[in-house]
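Engineer: Sequence lines, in order, name chains Y, U and H. The opening position of the first sequence corresponds to residue 1 in my numbering, with each subsequent residue numbered one higher. The opening position of the second sequence corresponds to residue 1001 in my numbering, with each subsequent residue numbered one higher. The opening position of the third sequence corresponds to residue 2001 in my numbering, with each subsequent residue numbered one higher.
Any given hint might turn out to be false.
Pairs of lysine-lysine residues, derived as DSBU-like cross-links and limited to a Cα-Cα distance of at most 35 Å, are as follows [claimed, not checked]:
1) K225/Y - K2395/H
2) K2227/H - K2395/H
3) K2221/H - K52/Y
4) K2306/H - K1131/U
5) K52/Y - K2210/H
6) K1131/U - K2162/H
7) K225/Y - K2162/H
8) K2395/H - K52/Y
9) K2100/H - K2162/H
10) K2117/H - K2395/H
11) K2155/H - K2047/H
12) K1131/U - K2047/H
For the record, the hints were derived by calculation from the structure and aren't laboratory data.
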Amino acid sequence: MKLRLRDLTAQFALLPTWAIVVFAYIGTIAWSIRISLSSSRILPSDDFVGLKSYYRLFSTDRWIISVQNVAIFGVIFIIGALVIGFLLAVMLDQRIKGESLFRTIFLYPYAMSFVVTGLAWQWILNPSLGLQQMMHNLGWESFTFDWLARGDRAIYLVAFAGIWQASGLVMAILLAGLRGIDEDLWKAARIDGIPTWRVYLHIVIPLLAGMFATALVLLATAVVKVYDLVVAMTGGGPGVSTEVPAKFVIDYLFNRQNIALATAASTVMFIAVLVVLTPLLYHQYIIGRRRAAA
Amino acid sequence: MTEATDSPGSWAGGTSKSATSAPVDAATAGAADSRAKGGLRGTEPWGPKPTRITPARIGIYAFLVVAALFFLMPFYVMVITSLKPMSEIRLGNLMSLPDAPTVEAWVEAWAHACTGVDCNGIQVGLMNSFKILIPSVILSITLGAVNGYALSFWRPWGANFIFAVLLLGAFIPYQVYLYPLVMMLSYIGLYNSLPGIVAVHTIFGLPIMTLLFRNYYAGLPIDLFKAARIDGGSFWTIFFYLILPMSGPILVVATILQVTGIWNDFLFGLIFAGRESQPMTVLLNNVVNVTTGVREYNVNMAATILTALVPLFVYFISGRWFVRGIASGAVKG
Amino acid sequence: MRLSHHLALLGTALVCLATPVQAAEKAEVLHWWTSGSESAAVNEFKKAFTAAGGEWTDAAVAGGGGETARAVGVNRIIGGNPTTAMQFNTSQQFYELIDKGLLQPLDAVAAKDNWAKVVNPVVLGAVTRNGHIYAVPVNIHSNNWLWFSPAALKKAGVEAPKTWDDFFTDLDALKKAGIIPLAQSGDSWTQQLTFFDVLLGAGGTELYLKIMKDHDVNAVKSPEFKKVADILSKMRDYLDEGMQGRQWNQAISLVISGQAGFNFMGDWAKGEVVVAGKVPGVDVGCIPGLGKSSYWIGGDVFVFPKQKDPNALKAQELLAHVMLSPEVQVAFNNKKGSAPVRADVDTSSMDACGKAGLQLLASGAFVPGSDMLIAPDTDGSIHDLIGTFFTDKSKTSADLVDGFAKIISNL
């Protein structure tokens, strides 16, 4: 093709990215896989002990619980943030007075360090300090809300706090999407006499697919990397009942000084993400080819 | 370029329409009234401002107000706690209004809280935070924009590979990268310096920035680009004269994401910035994250709200472009 | 970076040439003491170091019981730019750094200042490896204190306990009186602390050392350890539902205000007692190890990573000397609420609880804290086990014994 020279410029423009991809991403991923096969403790060492850390990983109760928790957390968090974010966006899209105020209120949790907002939630949800106590003081003695103290329920509260933190961002993304929809669509729908909820369900949501996808990727990375939320809300407790994989990695990386085990855990997480993403990437690739061919 | 200008014309028309018909505050809503012809009921989007109060609208406001109250619950706790003296907090009535409100904790947090041997509050790190923030935001967005542009229009060799690696990279807990990155940056002499921390933020911002710009540019009509190429536009000419002028909205979105992320970062600042350039969040952490020392919750809360003011201010001033921004690109994609 | 480094060196060199006498020994000190009282304590080091001709550069990083600071320190070493001095707990946390030859031995200073004579042997043992001394111990903290509210006990009509049976009698009475019997934090490190307090108090030092030092699995399966597990199991009935999400300082606050009867916590709890305007040993009672009394030795040390700059060694040795000098030890530990590591200093200004602890120290009834005896990794496994046991009542004391035996047998 004639365009080869210009392609070269494009190639050059991507050089910094190539450098980052090769050194900072592929390099560090390869490094961490290598370390996971060694007996490293605080400092990286270059011996080879095979899959020892992986055996230990999968025989550790805490890791198994972490994996289960991240699945529960992920499902509730993603669905919750998408649904609430969407509802907020639709409501805000109805020519609301003081929209900017509402929007800022829904977005502020995203701007604040969760170390402290998490503490505020912890107080509110603590059975003897917060909501439950307040209701008792008001005379509603039978009111109970002790999920934070219950090993089988606390993870739901972590997901709940996550939804609180993330749904504002989802709202902003989807609101932007809603604003981009051609108003003729609404006119047409009205002329045809289609009820509003059906327009949203069958026309608007499919039109927002791209925005939902962007929001989904952002939420999904947050699920895999969830750490602050758990540390601030429960510290992994009661017991180890709200532990998550990223916290496992970070605990062993820093405090427990076993970077071989930490990198083994992160490698397993990496493989899991790879398995989920490959079909999606392949799909993207096909679309890309079609676009090029068009 | 006739064809090219023709075809962006329709696209730009789309933008301007969505821009003016997407009022963000009530104050600007009037501008769209001319477009919203009468007869619409209030429950439908793009209707005129309602003159009557209908049950449906009451429902909407009720939903929003209840949701807002729920969202503000922790903020309420933080504000009332920051206004109480510690003697009151120790008694344990954490949900009640302060008996004798005082702003002492705010003054303490800003200028007198101990963050080590020194007790000068969190204000010490303010300038450092800006010194890190501004170049990091500019660099990561520039790189993300060029990437998105190159990947979506030029499809250079290895484009899918780059994209796949970056997307995967976005999912790894970044703490795992610390050791190898420290070794690499130390090898090239950037460890413990301002350029070092800027490089680190650029590296970690790259996946999301690339994704954002790539998806946005993928929504632009390819014919437009093809026409520009046939007219002899080079890589950079097309970028600067055609693509960049259309990127205003997405640039603002990217700015908001990066400002929030980089401003709030603590771990990278701590490990890569060097002692002279430590951001405000490192000081915030030293105030807030006490383990066996005496905890001052009122100061913690005040310090956290103070630190969040910069991203909140950015949301505030860029809100209308933020919302308008994502609008044009994505829905078409 | 490199350039500015060279310039700095050049600058230092010039200063040295001009005023050789006043050349300050520069030291960048990494630690995790950032709260008001901690800051005041570490400032004593700074003042003394400055007075001795040094120049203190502060690098404080709070968080996670020091883990963030330690991560920074290790990364600085990996990055080839280590700090002059770096804090660790008196534990095995820094042994790998010694083994890889990254820390400066302090034998010369130790010999000159006669550490072997004046420093507590357990503490000195913890910083000695392969016959060399690698760290300056600066304080002794003790984990095994039982704090109680005399007012709450009075209200319940009982006395301060002498034995574990007394303890449960008191708990029952408190429960009946509508007072939280045992205030416990939900953080797993505090639950682990309670466990070790019971192990040491009910099991005694011999059992403790057999398990933690000799890693004797049979000791874990012994009736004595079963009794410890039973006590711990029974204790769960006296916890309130506010435990989860409560931090250690909120737990001790409940005792200070008389809303709760007891709390297991280290001697740093005194800090909270004092800032609440109460007197330790009077308004809030303290028992150093209920039952078989003994003193659990923990604390903090500073290590000195090896430097490229040969002049840095001078600053390191000066800092080591200053930190252990008698006056600084007293000034620092008074503010920190811990005990000095030297036995030959004036401790008359300590409160009643501190003096009770010193008596135990002087009588020889002390043991090394658990993290001197096991690696952080093992410590973490114990965390997880105890945390689960505390909060999941379906776990029996037999489960605890099995889980603990598994961890010990893996050592």
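Engineer: Indicate, hint by hint, whether the structure satisfies it.
Structural biologist: Hints versus structure:
1. Distance restraint check for K225/Y and K2395/H: the Cα-Cα separation of roughly 30 Å lies within the 35 Å cut-off, and the hinted pair is therefore satisfied.
2. With a C-alpha separation of about 16 Å, the suggested pair K2227/H and K2395/H falls inside the 35 Å cut-off, and the hint holds.
3. Proximity of K2221/H to K52/Y is assessed by CA-CA distance (about 28 Å); at most 35 Å being required, the pair is judged to hold.
4. Taken as a hint, the K2306/H and K1131/U pair is honoured in the structure, with Cα atoms around 32 Å apart against an allowance of 35 Å.
5. In summary, the hint linking K52/Y to K2210/H is supported, as the alpha carbons are separated by about 28 Å, within the 35 Å threshold.
6. Restraint check for K1131/U and K2162/H: the C-alpha separation of about 60 Å exceeds 35 Å, so the hint is violated.
7. Our distance criterion of 35 Å between C-alpha atoms is broken by K225/Y and K2162/H, whose separation comes to about 49 Å.
8. Of the pairs offered as hints, the one joining K2395/H and K52/Y holds, with about 29 Å between alpha carbons and a cut-off of 35 Å not exceeded.
9. At most 35 Å may separate the alpha-carbon atoms for a hinted pair to count; K2100/H and K2162/H exceed this at roughly 47 Å.
10. The straight-line distance between the Cα atoms of K2117/H and K2395/H is roughly 47 Å, outside the 35 Å bound, and the hint therefore fails.
11. For the proposed pair K2155/H and K2047/H, the alpha carbon gap of about 47 Å is over 35 Å, so the pair is violated.
12. Pair hint K1131/U plus K2047/H holds up; C-alpha atoms about 32 Å apart against a cutoff of 35 Å.
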